[in-house]
Amino acid sequence: MRQLSGGHQFSNQVASMGFTPGVEVTMIQNYTRGPLIVALRDTRLALGRGEAEKILVEIA
Amino acid sequence: MKAPVTSLTIALTGQPNVGKSTVFNVLTGLNQYVSNWPGKTCEQRIGSLNYAGHEIQIVDLPGTYCLTANSIEEQIARDYIIQGQPDVVAAVVDAASLERNLYLLAELLSLPSPLVLGLNRLDVAEQQGMKVEAHVLEAALGIPVIAMVASKGQGVRELLDACVRVANNPHEYQPKRPEIRADHKVVLEEIQALIAGHVPEPYPVDWVAAKLLEGDEEITGMMQAAMNGSTHNGGKGSGWQAVHNLLMMHEDAFLAVASGRYEWIGRMVRAAVARPKPGRVTVTDRIDRVATHPFWGLLILLAALGMLFWLTYAVGTPIQAWLETNIVQAGARWVSSVLAEAPAWLVGLLAQGIIAGVGTVLTLLPILVIFFIGLGLLEDLGYMARAAYVMDRYMHPMGLHGKSFLALFLGFGCNVPAVMGTRVIESPKARLLTILIAPLAPCTARLSVLALLVPIFFGPNAWWVTLVLIALPLGVMMLLGKGLHELALGGEHHAFIMELPLYQLPNLTEISKGVWQRTIDFLQGAGTIILVVSVLMWGLSHFPGGQIEDSYLAALGRGLAPLGNLMGLDWQMMVALLTSFVRKENTIPTLAVLYGAGQGGASLASVLSGIITPAAAFAFLAVQVLFVPCVATVGTMVEETKSWRWTLLSVGLLLLISLTVGILIYQAGRLSGWGM
Numbered sequence: 004m005r006q007l008s009g010g011h012q013f014s015n016q017v018a019s020m021g022f023t024p025g026v027e028v029t030m031i032q033n034y035t036r037g038p039l040i041v042a043l044r045d046t047r048l049a050l051g052r053g054e055a056e057k058i059l060v061e062i063a
Numbered sequence: 161m162k163a164p165v166t167s168l169t170i171a172l173t174g175q176p177n178v179g180k181s182t183v184f185n186v187l188t189g190l191n192q193y194v195s196n197w198p199g200k201t202c203e204q205r206i207g208s209l210n211y212a213g214h215e216i217q218i219v220d221l222p223g224t225y226c227l228t229a230n231s232i233e234e235q236i237a238r239d240y241i242i243q244g245q246p247d248v249v250a251a252v253v254d255a256a257s258l259e260r261n262l263y264l265l266a267e268l269l270s271l272p273s274p275l276v277l278g279l280n281r282l283d284v285a286e287q288q289g290m291k292v293e294a295h296v297l298e299a300a301l302g303i304p305v306i307a308m309v310a311s312k313g314q315g316v317r318e319l320l321d322a323c324v325r326v327a328n329n330p331h332e333y334q335p336k337r338p339e340i341r342a343d344h345k346v347v348l349e350e351i352q353a354l355i356a357g358h359v360p361e362p363y364p365v366d367w368v369a370a371k372l373l374e375g376d377e378e379i380t381g382m383m384q385a386a387m388n389g390s391t392h393n394g395g396k397g398s399g400w401q402a403v404h405n406l407l408m409m410h411e412d413a414f415l416a417v418a419s420g421r422y423e424w425i426g427r428m429v430r431a432a433v434a435r436p437k438p439g440r441v442t443v444t445d446r447i448d449r450v451a452t453h454p455f456w457g458l459l460i461l462l463a464a465l466g467m468l469f470w471l472t473y474a475v476g477t478p479i480q481a482w483l484e485t486n487i488v489q490a491g492a493r494w495v496s497s498v499l500a501e502a503p504a505w506l507v508g509l510l511a512q513g514i515i516a517g518v519g520t521v522l523t524l525l526p527i528l529v530i531f532f533i534g535l536g537l538l539e540d541l542g543y544m545a546r547a548a549y550v551m552d553r554y555m556h557p558m559g560l561h562g563k564s565f566l567a568l569f570l571g572f573g574c575n576v577p578a579v580m581g582t583r584v585i586e587s588p589k590a591r592l593l594t595i596l597i598a599p600l601a602p603c604t605a606r607l608s609v610l611a612l613l614v615p616i617f618f619g620p621n622a623w624w625v626t627l628v629l630i631a632l633p634l635g636v637m638m639l640l641g642k643g644l645h646e647l648a649l650g651g652e653h654h655a656f657i658m659e660l661p662l663y664q665l666p667n668l669t670e671i672s673k674g675v676w677q678r679t680i681d682f683l684q685g686a687g688t689i690i691l692v693v694s695v696l697m698w699g700l701s702h703f704p705g706g707q708i709e710d711s712y713l714a715a716l717g718r719g720l721a722p723l724g725n726l727m728g729l730d731w732q733m734m735v736a737l738l739t740s741f742v743r744k745e746n747t748i749p750t751l752a753v754l755y756g757a758g759q760g761g762a763s764l765a766s767v768l769s770g771i772i773t774p775a776a777a778f779a780f781l782a783v784q785v786l787f788v789p790c791v792a793t794v795g796t797m798v799e800e801t802k803s804w805r806w807t808l809l810s811v812g813l814l815l816l817i818s819l820t821v822g823i824l825i826y827q828a829g830r831l832s833g834w835g836m
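Chains as they are written, first to last, in my numbering: chain A, 4 to 63; chain U, 161 to 836.
Note that these hints are calculated values from the structure, not bench results. There are no misleading hints in this set.
Mimicking DSBU-like on lysine-lysine, the simulated pairs with C-alpha atoms at most 30 Å apart in a straight line are:
1) A:K57 x U:K642
2) U:K291 x U:K336
3) U:K589 x A:K57
4) U:K673 x U:K589
5) U:K345 x A:K57
Same shape as in the complex, but just chain A (with noise of 0.2 Å):
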């Protein structure tokens, strides 16, 4: 992961769920309407897409 945009109060959220710059996301299923689930630190996580979408990654 590279960068959080949004609130402060969404970026916290985030950040200790585990979204710190540099951890290492993986996508597990991505349809194109509804949320995502991505791999991260050991756990599963459901993503809404808005938030998603203000997860900036960089695709290794």
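The hints should help you fit chain U onto chain A, whose structure is shown.
Coordinates of chain U only, in the frame set by chain A:
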């Protein structure tokens, strides 16, 4: 050396889905006391036990991912640790999710209470091919780390031993603490220097400084108030100004704090955990391919709920019927025969008031128990999170969560399990909202009234009238949900980010304990209310004359006749509405008695169709489906919300909405000439 303690308090913490409740249950068995945290709608559990000559009290703190001020649960947890000052804090982590679970520990380490780490679910970790070394972790962390498999009861005594040891030997406690990311170290020290001496007891200075950098609202407010009073900085202005300026320059410091913690965690985990080769697809991922699929997932959810529903009624209804005949009715008959000489009102009070009231509670039990078992299984399996995931996008516009759908769905059978089912919803606000609108789900009792009355008045049109009468409460439910969410509950929108835990085999002992606990809760809370109100209602319908036609209730009905007229209804139908408060099914028998149907061969159908116009009947039925919930549901609502205020709000709103709609329908009919 301190004198050995003979009584201590242990606070149990952990992130969600780590098996903390299992640990709590194993520790306390049935010696648990459930209530609410003072002034909050969050559940509090406290248990006690006697271990090795020590009186131990265990406080189960709400499961939280971290300790910010963003949610009630987090506030409760950190307030308790800082102000309640437990002797020891036992943090439970899941060995298979160590990297994320340790984040909470990283936060806890800056708080004053000594910590013990319970490394749980080692069996699951092993299944995943991970090897986690508890003693390596202990050496790295500097706090006791206890290997546990709580679902099998393993490691629990060792956990208690460690807690007692730590409480008795505080000088031995030397933990290694995480540090903030290097680039922000200086700022943190500057802030600590600025606030030193102003931090109110019992908050630790370094913790407060880190929270200020994080932008924690509660702590920022606290320090601002504490420092605005001070003037000893002289020319530099109020002490707070300097702190504020510093914080403004580093608004993104939270990431530095979080990164620092994760870096530290990373080092701990690398040392203690050996992972399998990547590329293994877990069973969980395989199942999830279908379970979270937008189409198949939905299908599976509906199938699962359908099965739960079917099972509850296929098994529960016969048991209900048996209880009704062999206990309730038999009991009433027995009382009548034994007290044949007693005054009629006493016999009535006992047989139709009290025994009927008890009967209501009793006959609800089979449905509730089966349904608790079903819910417990789904939760333990891990499927609940997937169900919530699939339904969330449909529920969010109404301010509800995916799990709300589960509860509301059950309302189609009976509203009581629907209200109790809201316990699976984590967010207290979403839970409250779901409870408030749950009574709008058309239950089988209401549907049975519709099934009887609609054909009488609408003949061939019965099918679409029924559909409208079912769609009506659902539409109102969605509107009311949205309305309450925006107006009464703050309209906040939490970011949708949800953990999907690993699937696991359900633990039957755990589930049984949960079912038992929930059943007892129901009996003690809602059950009592239901009994009391049922008896009261019986009294109103019996006194003073012994016949319902001359009763206070009938007098009330007559008094409401003008209101009824606005809907084309006479006083008998108003009384029927009143009795439907006790049990929705009462509508029919009440009408039968009040209209003298069944005497002289005139059936209720023919009597009614002669008296009531279709428009009025439509209005009446609309009021029925939107009407206040039955006693059982109200009792359950009071118990689950722990608040008469909110329950009465819901009841009041439904009363208002149902009567308004009824009046509108009838008046529309009158003006248009339809159904008159």
